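**Student:** Sequence:
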Amino acid sequence: MKNLYQSYSDFMIRQPFFSFDVKHYQEAVQKTPFAARYYQFSTHKIIDRTNENLFMCCIPDGCVDIVFIRHNQQNKMELIGSPFCRKSLIVYPHADYFGVRLKPGMFFPNHEVCLKEITNTETFVPQIPADTALLLEQIFETDTLWERARLFQEYLLRFSPEQYIVEETVQQVLYLTSHANGNVEVGDIAKEICYSERHLTRMFSDAMGYSPKMYARIARFQYALNRMMEHSADSVSSFIDLLNYADQAHFQREFKEFTGITPKHFTRYYRNVVCPAEKEADLP
1445 MKNLYQSYSD FMIRQPFFSF DVKHYQEAVQ KTPFAARYYQ FSTHKIIDRT NENLFMCCIP
1505 DGCVDIVFIR HNQQNKMELI GSPFCRKSLI VYPHADYFGV RLKPGMFFPN HEVCLKEITN
1565 TETFVPQIPA DTALLLEQIF ETDTLWERAR LFQEYLLRFS PEQYIVEETV QQVLYLTSHA
1625 NGNVEVGDIA KEICYSERHL TRMFSDAMGY SPKMYARIAR FQYALNRMME HSADSVSSFI
1685 DLLNYADQAH FQREFKEFTG ITPKHFTRYY RNVVCPAEKE ADLP
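Here this note's numbering is used: the first residue of the sequence shown is 1445, the next is one more, and so on.
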């Protein structure tokens, strides 16, 4: 079958808590030549973690975030792998941040740690290679999100795709699962691409660090999250049938497992806290 992964740009990869209680948050979406979300913000001089359920929490999205940091005139880099449930992140005070969230299956090249090892971790790169260090310098020489995104894009495209994208079979599983918003059985995908379910599960898990079934849960959750963010004024119950959850209790249980808060709490937070401040646009 034709592999549509590389041209597919509708992966749901939202991290709504990144914009909570930071300064000058901006976010932009890129669809070509690869799907990604770029964001930037700065932190306060004193980090307030009294509302730790909301502040700088990472939730499951199936992605790797590459985060570049300028703190005390020093450049740092970290890799954030998709967690299995809500995870609080390490945050530097009085720092500038620029991040890139690559679509599931993509990772940062020129780094010794594989994608599987990054999953469910927050890894600060101890020794940054010279060409990546130069990229960091260039990124923080400008404060424009568009220019920083362009610099990263140019850097990544110097590598061949196999250096930053998982193998084709895993790509197909990611595409078929995301295209179905997570509402697909692993066995059906295995039949479609002519693999046994057991072999396909092993291949996917070895590449991504979690099973295709887990990714289906993440994809469905991210689709639900995206719908709630786009229609935050709607009641939670209006999403249940649309999102193919068994019932409201199932939806609430999984949502709280992944975010640490209830759907009702999230819609109130998003409507009252995020919407007035968040700025999102497509890259030109």
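Note that these hints are calculated values from the structure, not bench results.
Honestly, I wouldn't trust all of these hints.
Said to hold, decoys possible - Calculated pairs, EDC-like style, for lysine to aspartate or glutamate (alpha carbon to alpha carbon, straight line, at most 20 Å):
(1) Lys1467 with Glu1612
(2) Lys1657 with Asp1587
(3) Lys1657 with Glu1591
(4) Lys1520 with Glu1585
(5) Lys1657 with Glu1585
(6) Lys1657 with Glu1674
(7) Lys1446 with Glu1612
(8) Lys1531 with Glu1698
(9) Lys1475 with Glu1674
(10) Lys1560 with Glu1611
(11) Lys1560 with Asp1575
(12) Lys1635 with Glu1606
(13) Lys1467 with Glu1629
Unchecked claim - Restraint ranges, calculated between C-beta atoms of paired labels, are given here:
(14) His1675 with Phe1568: 22 to 30 Å
(15) Thr1706 with Lys1446: 22 to 30 Å
(16) Val1557 with Ser1451: 22 to 30 Å
(17) Tyr1536 with Arg1602: 43 to 51 Å
Nothing here was measured: the structure is a model prediction, and the numbers come from that model.
In this text, a Cβ means the ideal position worked out from N, Cα and C, and glycines have one as well.
**Student:** All the hints need checking, so say for each whether the structure fits it.
**Tutor:** Now the hints, each set against the structure:
no., hint, in the structure
1, Lys1467 with Glu1612, "violated (40 Å)"
2, Lys1657 with Asp1587, "violated (40 Å)"
3, Lys1657 with Glu1591, "violated (38 Å)"
4, Lys1520 with Glu1585, "holds (15 Å)"
5, Lys1657 with Glu1585, "violated (43 Å)"
6, Lys1657 with Glu1674, "violated (26 Å)"
7, Lys1446 with Glu1612, "holds (10 Å)"
8, Lys1531 with Glu1698, "holds (15 Å)"
9, Lys1475 with Glu1674, "holds (19 Å)"
10, Lys1560 with Glu1611, "holds (13 Å)"
11, Lys1560 with Asp1575, "violated (24 Å)"
12, Lys1635 with Glu1606, "violated (25 Å)"
13, Lys1467 with Glu1629, "violated (42 Å)"
14, His1675 with Phe1568: 22 to 30 Å, "violated (37 Å)"
15, Thr1706 with Lys1446: 22 to 30 Å, "violated (41 Å)"
16, Val1557 with Ser1451: 22 to 30 Å, "holds (28 Å)"
17, Tyr1536 with Arg1602: 43 to 51 Å, "violated (29 Å)"
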